[in-house]
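There are 2 protein chains.
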Amino acid sequence: MIGRLNHVAIAVPNLESAVALYRDMLGAEVSDSQSLPEHGVRLVFVDLPNTRIELMEPLGEKSPIAAFLEKNGRGGIHHICYEVKDIAISSAELVAKGARVLGDGKPRKGAHGNPVLFLHPADFLGTLVELEEVG
Amino acid sequence: MIGRLNHVAIAVPNLESAVALYRDMLGAEVSDSQSLPEHGVRLVFVDLPNTRIELMEPLGEKSPIAAFLEKNGRGGIHHICYEVKDIAISSAELVAKGARVLGDGKPRKGAHGNPVLFLHPADFLGTLVELEEVG
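Protein chains in written order, with full-length UniProt numbering: chain A, 1 to 135; chain B, 1 to 135.
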């Protein structure tokens, strides 16, 4: 079912500091920042040869990563995202096997414009798993 | 400096359950398990098309992931590993820029037989970062 690791998302308290760390300290290529108000984050992509790291800062009062950053003041790995070919089929299969999809259970449009959903961390080894449909 | 994302390591309380989850629930290819007493873990590799996930269970009384699992009973993402071409050069550059290398500061032989070192999570957005020299 799962294909490529699409990205690893790291929640950070300050995006500019995080960019400096990855660009200047670790020598990686980092994109310009994008604000995604509908997702409650401002983010950049760290482009690695085989995948990317997303650095996300909370945006707005209802940011879904605000609570995470209250617990993890310096930041931390927030989720990992695996690609699937057909998110409706994958979702139905996972639910049939007992996994829980967060929210209303339906895919929504993700940060890259593709359908995504999140799986309950308690069902996946304490890790928040995003599935993204990449055709 | 950093190249490919070599792996994401997830600490798990029970390796067989974790294998079943990735193999049967998520439909991924999972290797046979390996015991690495010198690293205090027993692990499998989940082979994705572009990188791999390591699922690690504590092995022995001094396992370096035991404390992590005491705090995170269901498991959780323990570290991410980036590849570098020359670990001695990378290490010297990072230390010169103020980053802290864990342990005695010297690379040691990692789980794949290559030189590795770990960087202090407090210096890297709350994430434990492993660097692995891949020639």
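To be clear, the hints were calculated from the coordinates, so they are not data collected in a lab.
Hints may contain errors.
Which copy is meant is left open, so a pair is good if it fits within one copy or across any two.
To be verified - In silico lysine to any residue, SDA-like type, Cα no more than 25 Å apart, as pairs:
1) Lys-62 x Pro-49
2) Lys-71 x Pro-107
3) Lys-85 x Pro-49
4) Lys-97 x Phe-45
5) Lys-97 x Leu-36
6) Lys-71 x Leu-36
7) Lys-85 x Asn-50
8) Lys-109 x Arg-74
Since we're looking at a predicted model, the values are computed, not measured.
Results of checking the hints against the structure:
In this homomeric assembly, Lys-62 and Pro-49 never come within 25 Å of each other (Cα to Cα): the closest approach is 33 Å inside a single copy and 35 Å across copies. For the homomeric pair Lys-71 and Pro-107, neither the shortest alpha-carbon distance inside one copy (27 Å) nor that between copies (31 Å) is at most 25 Å. Taking the shortest Cα distances, Lys-85 and Pro-49 sit within 25 Å of each other both inside one copy (22 Å) and across copies (13 Å). Taking the shortest Cα distances, Lys-97 and Phe-45 sit within 25 Å of each other only across copies (23 Å), while inside one copy they are farther apart (33 Å).
Neither within a single protomer nor between protomers do Lys-97 and Leu-36 lie at most 25 Å apart by alpha-carbon distance, with minima of 33 Å and 32 Å respectively. In this assembly of identical chains, the alpha carbons of Lys-71 and Leu-36 lie at most 25 Å apart only when taken from the same copy (23 Å versus 32 Å across copies). Within a single copy, Lys-85 and Asn-50 get their C-alpha atoms as close as 19 Å, and across copies as close as 15 Å, so both meet the 25 Å cut-off. Within a single copy, Lys-109 and Arg-74 get their C-alpha atoms no closer than 28 Å, and across copies no closer than 29 Å, so neither meets the 25 Å cut-off.
Taken one by one, the earlier hints fail for this structure at numbers 1, 2, 5 and 8, listed in ascending order.
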